[in-house]
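J.: Sequences listed follow chains S and U, in order.
Position 303 of the first sequence, counting from 1, maps to 303 under this note's numbering, and the rest follow consecutively.
Position 264 of the second sequence, counting from 1, maps to 264 under this note's numbering, and the rest follow consecutively.
Hint data in this document are derived by calculation from the structure and do not stem from the laboratory.
Where hints are given, some of them may not hold.
[Claimed, not checked] Residues from chain U that face chain S, not an exhaustive set, calculated with beta carbons under 7 Å: (1) Leu62; (2) Arg89; (3) Asn90; (4) Phe95; (5) Asn101; (6) Pro115; (7) Leu117; (8) Tyr118; (9) Leu243.
From the three backbone atoms N, C-alpha and C, an ideal C-beta is built for every residue, glycine too.
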Amino acid sequence: MKATVLTKVAGQSIAKNKMRTLLTMLGIIIGVGAVIVMVAIGQGAQSQIREQIENLGTNMIVITPGTSSQGGVSHGAGSFNRLTVDDSDKLKREGLTISAVSPVVTTFTQAIGGQGNWRTLVNGVSTDYQFIRDWPIESGSFFDETDLRTMRKVAVIGKTVADNLFPGEDPVGQQIQLRNVPFQIIGLLSEKGQTAEGSDQDDTILAPHTTVQTRLSGRSFIRQILASTFSPEEIPAAQDEIASIMRESHELAEWEEDDFTIRNQTDLADTAQSTTQVMTLLLAAIAGISLLVGGIGIMNIMLVSVTERTREIGIRLAIGARGSDVLTQFLVESTVLSAVGGAIGIAVGFGGARLLGHFTGWNTAISPAIVVIALAFSATVGIFFGFYPARQAAALNPIEALRYE
Amino acid sequence: MTDSRGTPVIRTDGLTKIYATGRTEVRALDGVDLTIEQGEMLAIMGASGSGKSTLMNIIGCLDYPTGGTYHLDGIRVDELGKNQLADIRNERIGFVFQGFNLLARTTAIDNVELPLLYDRTGRKLDTPRLAAEALERVGLGDRVDHEPSELSGGEQQRVAIARALVTQPSILLADEPTGNLDSRTSVDVLSLFQQLNDHGITILLVTHEPDISRCAKRIVELRDGRVIRDAPVLNRRNAAADLRDIDAARAREERDKEQLESVG
Numbered sequence: 001m002k003a004t005v006l007t008k009v010a011g012q013s014i015a016k017n018k019m020r021t022l023l024t025m026l027g028i029i030i031g032v033g034a035v036i037v038m039v040a041i042g043q044g045a046q047s048q049i050r051e052q053i054e055n056l057g058t059n060m061i062v063i064t065p066g067t068s069s070q071g072g073v074s075h076g077a078g079s080f081n082r083l084t085v086d087d088s089d090k091l092k093r094e095g096l097t098i099s100a101v102s103p104v105v106t107t108f109t110q111a112i113g114g115q116g117n118w119r120t121l122v123n124g125v126s127t128d129y130q131f132i133r134d135w136p137i138e139s140g141s142f143f144d145e146t147d148l149r150t151m152r153k154v155a156v157i158g159k160t161v162a163d164n165l166f167p168g169e170d171p172v173g174q175q176i177q178l179r180n181v182p183f184q185i186i187g188l189l190s191e192k193g194q195t196a197e198g199s200d201q202d203d204t205i206l207a208p209h210t211t212v213q214t215r216l217s218g219r220s221f222i223r224q225i226l227a228s229t230f231s232p233e234e235i236p237a238a239q240d241e242i243a244s245i246m247r248e249s250h251e252l253a254e255w256e257e258d259d260f261t262i263r264n265q266t267d268l269a270d271t272a273q274s275t276t277q278v279m280t281l282l283l284a285a286i287a288g289i290s291l292l293v294g295g296i297g298i299m300n301i302m303l304v305s306v307t308e309r310t311r312e313i314g315i316r317l318a319i320g321a322r323g324s325d326v327l328t329q330f331l332v333e334s335t336v337l338s339a340v341g342g343a344i345g346i347a348v349g350f351g352g353a354r355l356l357g358h359f360t361g362w363n364t365a366i367s368p369a370i371v372v373i374a375l376a377f378s379a380t381v382g383i384f385f386g387f388y389p390a391r392q393a394a395a396l397n398p399i400e401a402l403r404y405e
Numbered sequence: 001m002t003d004s005r006g007t008p009v010i011r012t013d014g015l016t017k018i019y020a021t022g023r024t025e026v027r028a029l030d031g032v033d034l035t036i037e038q039g040e041m042l043a044i045m046g047a048s049g050s051g052k053s054t055l056m057n058i059i060g061c062l063d064y065p066t067g068g069t070y071h072l073d074g075i076r077v078d079e080l081g082k083n084q085l086a087d088i089r090n091e092r093i094g095f096v097f098q099g100f101n102l103l104a105r106t107t108a109i110d111n112v113e114l115p116l117l118y119d120r121t122g123r124k125l126d127t128p129r130l131a132a133e134a135l136e137r138v139g140l141g142d143r144v145d146h147e148p149s150e151l152s153g154g155e156q157q158r159v160a161i162a163r164a165l166v167t168q169p170s171i172l173l174a175d176e177p178t179g180n181l182d183s184r185t186s187v188d189v190l191s192l193f194q195q196l197n198d199h200g201i202t203i204l205l206v207t208h209e210p211d212i213s214r215c216a217k218r219i220v221e222l223r224d225g226r227v228i229r230d231a232p233v234l235n236r237r238n239a240a241a242d243l244r245d246i247d248a249a250r251a252r253e254e255r256d257k258e259q260l261e262s263v264g
């Protein structure tokens, strides 16, 4: 039989049973729709995490203290902290691939001022910090080299701190007290949102590291050094350069291990990505099962249909249809059922993902690849699950089929 | 079609069909020799169990004999494969069944077109036109878009006959074609068969009613799988004339009834 005739014959018998056709397709529609929505959620989460990690700063490299051990007992990360401002200065001076360097001195304290008080994280940093973190000022200004050198008591505050201490007013020009030391607020940072781990980046106060070290923490060691390169391609080279400068600065002998750790954004991103990839796969697998169930639904209906249409098959065989004609007819029917169901399922999936994104605020992303895969898979389901009933139909004996009531 | 003066449409020699059920064997056909020439109208008669259905199925290429040979249009078909038999059914045989066997929810013209869709010779191209012509031939030119449920029994059987004719087969096989019809419609359908036969179409009727077999030109009677009688019909029935008589009688009855009512 010609292809056009085949589709006509299959189309006729599908159109003759509209309700049954719809119910059969429903399984595939739900299956394909679920796959699309689930994968959209997974991929949306992935792209959100990627954005958040890029949001940390551009081309950022993080240097943290290494571990130390005494008599085989590891003291854990930062147990032997030898990072100093000198390291940071040396990197700034000597690093050829490094565009900006900032030490980070951290202390938790109560900030008092304006409407009350607020416990927050105070970061002592250098002027490069705003470039490394790619963090613009919303109002006022960032502190400058003079502030840093003269250890002035100035602060730049994050949005969350501003909202809690000075709700509804401009904090720039106001005073806050940190451990009884008055600081003047000279700038307000723009909103940056949450990190990939969910902590609020805007809940912070930035001040010159010199001031924080002398006035607040009283420690000479620093928590981490942030650096950035001119371009992402330079990150591996920069990491090597930082390592050699740091070893020189710490006067490490050839046989000694690094007493610091260097990580970059990509490392962080990879960890986060792999987690969400597992999640996406899991979601897709669950949705795939519903697609499988839809396929079994098609097989079920086609089997019923073969029994119900035994006489019709007998007529077709008597007037000269070959077994292969009947087989093809039933295969085309089940394939058309599942392919049309798949197409509707894709539309449902698009709509569902859009709606879900609208109501939950989750990021959803639909890639063309998954649409193609879902469509191909649903057509395959039709052929696979349609084959057994179709073979049953083709194997019927015309004499018995004609006599069937 | 080649000159078939010498080639019979159907020739069976010692046709045998044995069903082996466990230890007993049933000889449904026991050496049937039958020759049907072109343009014949033959009736096969016999009680149930006489083997007439088995013979019909084998002649219709739906079943294989267990012995003997069967030639259709000079082609030996008892040795062909399943697919070739399907093609023979499509090209050379037209079936008319007792139960009409039309596809439900399918218009008359789509039903008639159906055999053409399975045509493998590629000769029958303009299938809608051929189907419409076949319907015209059985007097249903104005019913092409009606579905079986919208047609009377007689009309449904006419659609089935059109479907059997549309491929221009060598022979029309009709298995109890009037079994599901009332007496007037039966005569109507039989007159259509006679009319088609007058135009040269070879027809094989299977029936157990003597009244119907008398419409044929020749009667073959089977019993226990053997031919016990093979004779031409001497006083052949003219179905068209009978139909006119029936209608005239009915019209008379109607008139009498009306008169009776008007008098009363």
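J.: Each hint needs a verdict: does it hold in this structure or not?
T.: Hint by hint, here is what the structure shows:
no., hint, in the structure
1, Leu62, "holds (5 Å)"
2, Arg89, "holds (5 Å)"
3, Asn90, "holds (2 Å)"
4, Phe95, "holds (5 Å)"
5, Asn101, "holds (5 Å)"
6, Pro115, "holds (4 Å)"
7, Leu117, "holds (5 Å)"
8, Tyr118, "holds (5 Å)"
9, Leu243, "violated (29 Å)"
Of the numbered hints listed earlier, the single one contradicted by the structure is hint 9.
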